[in-house]
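Peer 1: Chain A is already provided as a structure; the job is to place chain B on it using the hints.
Protein chains: 2
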Amino acid sequence: MDIVLIGAGNLATRLGLRLQECEHRIVQVYSRTEKSARELAEKLSTDWTTHSADISPEGQLYLVSVSDKAVEPLLSGIQFGGGLVAHTAGSLSMDVLKPFATNHGVFYPLQTFSKSREVDFTQIPICVEASNSKSLDILRKLGNSISDDVREVDSTQRRQLHLSAVFVCNFVNHLYAIGEELLNEAEIGFDILKPLIAETAAKALEFSPKEVQTGPAIRFDRNVIDRHMEMLKEHPQWNNIYKLLSESIHQLHTK
Amino acid sequence: MDIVLIGAGNLATRLGLRLQECEHRIVQVYSRTEKSARELAEKLSTDWTTHSADISPEGQLYLVSVSDKAVEPLLSGIQFGGGLVAHTAGSLSMDVLKPFATNHGVFYPLQTFSKSREVDFTQIPICVEASNSKSLDILRKLGNSISDDVREVDSTQRRQLHLSAVFVCNFVNHLYAIGEELLNEAEIGFDILKPLIAETAAKALEFSPKEVQTGPAIRFDRNVIDRHMEMLKEHPQWNNIYKLLSESIHQLHTK
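Chains as they are written, first to last, in numbering that gives the first Met the number 0: chain A, 0 to 254; chain B, 0 to 254.
Worth flagging that the hints you see were computed from the coordinates, not collected in a lab. Fair warning: there could be bad hints in the mix.
Said to hold, decoys possible - Covered stretches of chain A (in silico footprint by chain B; criterion: 3 or more residues with CB under 8 Å from a CB of chain B, positions within the stretch not fixed):
hint: 1; segment: 64–73
hint: 2; segment: 172–179
hint: 3; segment: 231–239
Predicted model only: the values in this text are computed from it and were never measured. Each residue gets a CB set at the ideal place from its N, CA and C atoms; glycine is no exception.
Pulled out of the complex, with its shape left as it was, chain A reads as follows (with noise of 0.2 Å):
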């Protein structure tokens, strides 16, 4: 399949890397950096352009990997004639895309994407929607020539997944941060915590996240709890996640 990428951030990197991969062409890279634009492209082996009036017509399928914001601004100065245009963000509607294209969809892979890190494509869930059954079928086609895991999902649904996404992902990356801040000041290397974090991940992959809460909270262990949170006068925003995470704990189970 002929595909345009439009954004050449974390997500478009790894996406057209793949889609290559599996022997789709990248026709061009849109990106409004230069550098972007031209970083993905020489990776890719083809074209690019920060001009949107200069976007290829010969895409068969257009990918927006742009932020949020960015779609309406953007796509209203793109002439798309017959190709299929698709958003990869997990909290857009799809209807954001019907002013500009009669045939539009979303393609949104729900996985955090790093330039510099592969990952393992086969094992991504591939969330698709579209606005007629022909594309639906193009998408799902394309979803299965990269991944093993294909999913329709409506605008509602993936919304909510988005949402579920950025506590286990965006926000666990930020306990883990907070983690190696934390020994940073005491001198301890961060090495130390990489097998309780591998163990906590490894349990959710077997069991109900609420069903083996461990820790103080649960029994809200009231001595541990002002220790910890003595501890934490210094930094006072993390003060108040630790207050707030161990409150909500403790009401989850004794609900």
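Peer 2: Relative to the frame of chain A, chain B by itself:
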């Protein structure tokens, strides 16, 4: 080594089984509740008691794994003779054992334990500390007999380690639980989040979590954040968690 287990919770259970596997003799199990004492003693084919006065004087080592606030009232009723007494708690100072035994110390395995889930002890950091060099030597040897990673960590560092562990394990698991509850509401199976959970943890094992943060909060994408907070209005506690963690991410990355 002849060991008496004081406490029969998740940690005592997994540690007791591992110690026995590594040719140590579990002389006796004490727990306040008969059910826990009996259950663990049966798993270990050994003796048990619920009376602190009946705790065997024949232990070379007494491992105390009860809740922090239970330690002092419990230990004041026990005659240890010459045995080494060590607790296994992350946030309890070693000195709390001073009044009860000349030879005392700490044997803290940094991991999350469930009675029903086996863990690979060779990878678990065991943090040891003792009141004298002979006791330290005993705890270090015991640690080396069950794990490849034994470290001397003093009480101040250990309590910071435990605080970090609460963030990267207990709080992380709670965020998994919130993700699970949110998916339940949308009638989506938790399975769909598992590749994301696994990848987020895998990234933390390879990179500094601070460096690989992704998501709406790092660019403080108001569109997405406001929409998510609106979606959480029926869950005021999770709405607060969302707000606080998003602000904290943004703050850590604009320092």
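Peer 1: List in ascending order the numbers of the hints, as given earlier, that are violated by the structure.
Peer 2: No hint contradicted; all consistent.
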